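Chains as they are written, first to last, in this note's numbering: chain A, 1 to 380; chain B, 1 to 108.
Check the hints yourself; a few may be wrong.
Distance condition first, Cα-Cα at most 20 Å in a straight line; then the derived PhoX-like pairs of lysine-lysine [stated by the list, open to error]:
id	chain 1	residue 1	chain 2	residue 2
1	A	295	A	272
2	A	359	A	340
3	B	27	A	39
4	A	39	B	89
5	B	54	A	131
6	A	115	A	267
7	A	201	A	50
8	A	4	A	95
9	A	267	A	95
If you are wondering where the hints come from, they were derived from the structure by calculation, not from laboratory data.
Here the structure is a predicted model, which is why all the values come from computation and not from measurement.
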Amino acid sequence: MSIKMTDLLVIGAGPAGLSASIEAARLGAKVIIADLNMKPGGQLFKQIHKFFGSSAHHSGTRGIDIGRMLLEEAKSAGVQIWLKSTVIGIFPGGKVSIEREMDDGTTELVTLMPKELVIATGASENAIRFKNWTAPGVMGAGAAQTMINVNHVKPGNKVVMLGSGNVGLIVSYQLMQAGCDVCALVEAAPKVGGYAVHAAKIRRAGVPILLRHTIIEAKTDSNGTVSGCVTAEVDDHFNPIPGTEETIDCDVITIAAGLKPTMDLIKLAGCKLTFDGPFGGYVPIHNEKMETSVKGVFVAGDSTGVEEANTALDEGKIAGISAAEALGLISETDADEKRKEIWNRLDSLRMGPFGQRRKIEKEHLIDLYNKEVKEQKAFA
Amino acid sequence: MSQRISEHVVLDVEPTGKKVTISVDGKEIEAYEGEPILSALLAAGIRINRYTVKRHEPRGLFCGIGQCSDCSMVVDGKPNVRTCITPVKAGMIIQTQDGLQAEKEAAS
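Looking at chain B on its own, in the form it has when it is part of the complex (with noise of 0.2 Å):
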């Protein structure tokens, strides 16, 4: 089930960007161009975005606006990637962070 809202009293909520796919840890995903990656994947039900370094803790939204980088992600093959605060692009390649890399890489 989308998380996403789809009636609201106060807000218009149909989505403005033009619907996309995006890839996160191989699976492709519906998102909006220009709406945050976090958003995207948070409507998918996606709730981890990263492993800690040390005791490898699953991490997710905290801030939501740029400040905690719990969310961050590896991003097109760039680690540290603040998701709550970075545009969705069609074809967009997103990955589980685990320690400062993506999780497969870690795990061979």
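Looking at chain A on its own, in the form it has when it is part of the complex (with noise of 0.2 Å):
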């Protein structure tokens, strides 16, 4: 076992780690970022689409291209990058551990000492639970789309997916993309809960988009795999109305209802965290620099709370620039000042039906941070 020092070790090398890191790295920190995949990119890499939003924040660049840039400045920014390395314990005095797997295969631990931390762990996809939901076939809506983005494997052939918000209605389309009959879509909700533009995409594919409708069971085959889905319709208070069953033939049903913030890392860590609904549930509360109650440990992205790939590179920039002042390697006035330009950018992404909600709930973290952080703890 080794003890290593460095002015910031980053966990979670998806949208948020990497640009936090990328900013930190350029202020000129020595940074660690540290993953437990095989690949840096989190969630990037099976994002096939085209983003929205401002030319600022890649509007109309695919998830995945968006992904290689990162990397490309994170090397040449001189951010080491661990991968294959999984953080197990935080401890005091600032010490965090990390199992981490080395070329050969073996495994080493590792604890570092960070000067600063930037929790980035972002979020695990949520589960609806019907009759034989733990059946082989059924799975996350993200599952399926790393096979088929990712690995370029299909999970089965014919799907059912359960949910449409944009994460429904977007990996639908994938799957199609990828050869995949895409049997139906059901939601339990009167309307559809993501874009109209994704949406459309869906109906003119000729898809039925069941409303009011949920699943009850999997149909399972011998050996204990989907091979069927049984739905129905719903009531006013989403209890399925008796009578209305249908099955539908299929091999895999895909869950695609939300996301919840990974918060084992930051828990451990000592923040103090607040239950955020529209969030997806615990979060870290944080100030406008995004360091939680614990000094010295920063968040950004999902994490704080499920948003999307863009709003993850704003807060993750935030955080690397924070962290760097820590450091001593910035001006706490040229640091507010880039935080500034930042913050006006988030807003114009938190706009709208769909965005004006997440302002709110982000300002009501930092607000409950004000109110309730008197005084930091120490983290290092």
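Mind docking these for me? Both chains are given alone in their own frames, and the hints should help you get the complex.
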């Protein structure tokens, strides 16, 4: 076991973590970024659709290309990227334990003592429970998306999608691009959850969108894997209406029921949390520097409330700048100026019927911080 | 029939890794070096990775990003390997996991 020192450790090499590490490294920080996956980029590399927003937010660029760009920038800024590296502990005194798989396949336990820490662990998919929901063939929509877009393998051939938010809509379309047959999209609410432009693509392709419906059972074949899906209409309280059951022949059921911020390490670091429904669950309260109630621990991206890759990129930048400021690499005035510009840009993303709510929630988190955190706890 | 995507409107789906063979429950299948073990299994139509300890229920791909552990298998004798985030190496021996060990050992 060895102890290493570094200026900044970033946990999670998705859009938030990568952009935090790039900003801090460009300002002169020695940065290590740790991620448990085989490849960096988080979920960007499965997003093969073009992004919305302004040019400052890479509108018209595919997520996968933004991922490639970030990797190049991180490398040229001198960021050390540790893959297959799982953070397994955060201890008093600012020690972070990482189980790191080396090139020869052996694992090494490394203890890092970073001066500052950015936690950008993202989010995980929610599940919806119905009979046999654990059968092979029932999976997260994101899992199916990873298989088709990253690994280029179809998880099955005939898919029923549950949930009509943007993930459900986009992944349905991408499953069709991969050559799968999307049999139906099932949505309990009386209207489609995601953007109309995505829903139109699905409808044009002839996929029935079953509103006010849910899945009550996965049918399985003799070896226990999915062979069908039983849907039912729901009443105003989302309870299935007996007698409305219909069986759809399929071998995959994908669940797109939203995401939940991944809180394990943020909790472990001792950051103060609050429950925030629209943001997907428990999230850390933080200030405008993206710093938590623990001094020197910064957060960014979906782990501070589920949004989108664009907002994660910008929050990551703020966290990176703030970490560099804490390291004394940039003056408070200069950092404030940079942060202000990014917050303004974030405001332009948090507009409209979907974005407005997120702006309110984000401001709420910052308000809570200002009210509740009189004195930050020490990390290092 | 392989489940691999052979053409795609946006992506270049040409495999980049070297074609190798791995053994799955004693049967040889084709795989590409560096891809997740789980991909090679799905490509070959294998959808069950393990059976649960108490109720012996099958589990397969669920999260695909190393968080849920439903795709755990015995790889080169080591149980609980998350096949969705473990890359293929030539000649790997993969076994369906039954409870906490390989299926056949559990049966004997």
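How the hints compare with the structure:
1. For the hint linking residue 295 of chain A to residue 272 of chain A, the alpha-carbon distance of about 12 Å falls within 20 Å, and the restraint holds.
2. For the hint pairing residue 359 of chain A with residue 340 of chain A, the CA-to-CA distance comes to about 15 Å; that is within 20 Å, so the pair holds.
3. With a C-alpha separation of about 29 Å, the suggested pairing of residue 27 of chain B with residue 39 of chain A is violated against the 20 Å cut-off.
4. At roughly 16 Å between alpha-carbon atoms, residue 39 of chain A and residue 89 of chain B fall within 20 Å of each other, so this suggested pair holds.
5. The hinted pair formed by residue 54 of chain B and residue 131 of chain A meets the criterion: a straight-line CA distance of about 18 Å does not exceed 20 Å.
6. The straight-line distance between the Cα atoms of residue 115 of chain A and residue 267 of chain A is roughly 19 Å, inside the 20 Å bound, and the hint therefore holds.
7. The straight-line distance between the Cα atoms of residue 201 of chain A and residue 50 of chain A is roughly 14 Å, inside the 20 Å bound, and the hint therefore holds.
8. About 10 Å separates the Cα atoms of residue 4 of chain A and residue 95 of chain A, which keeps this hinted pair within 20 Å; it holds.
9. The hinted pair formed by residue 267 of chain A and residue 95 of chain A meets the criterion: a straight-line CA distance of about 15 Å does not exceed 20 Å.
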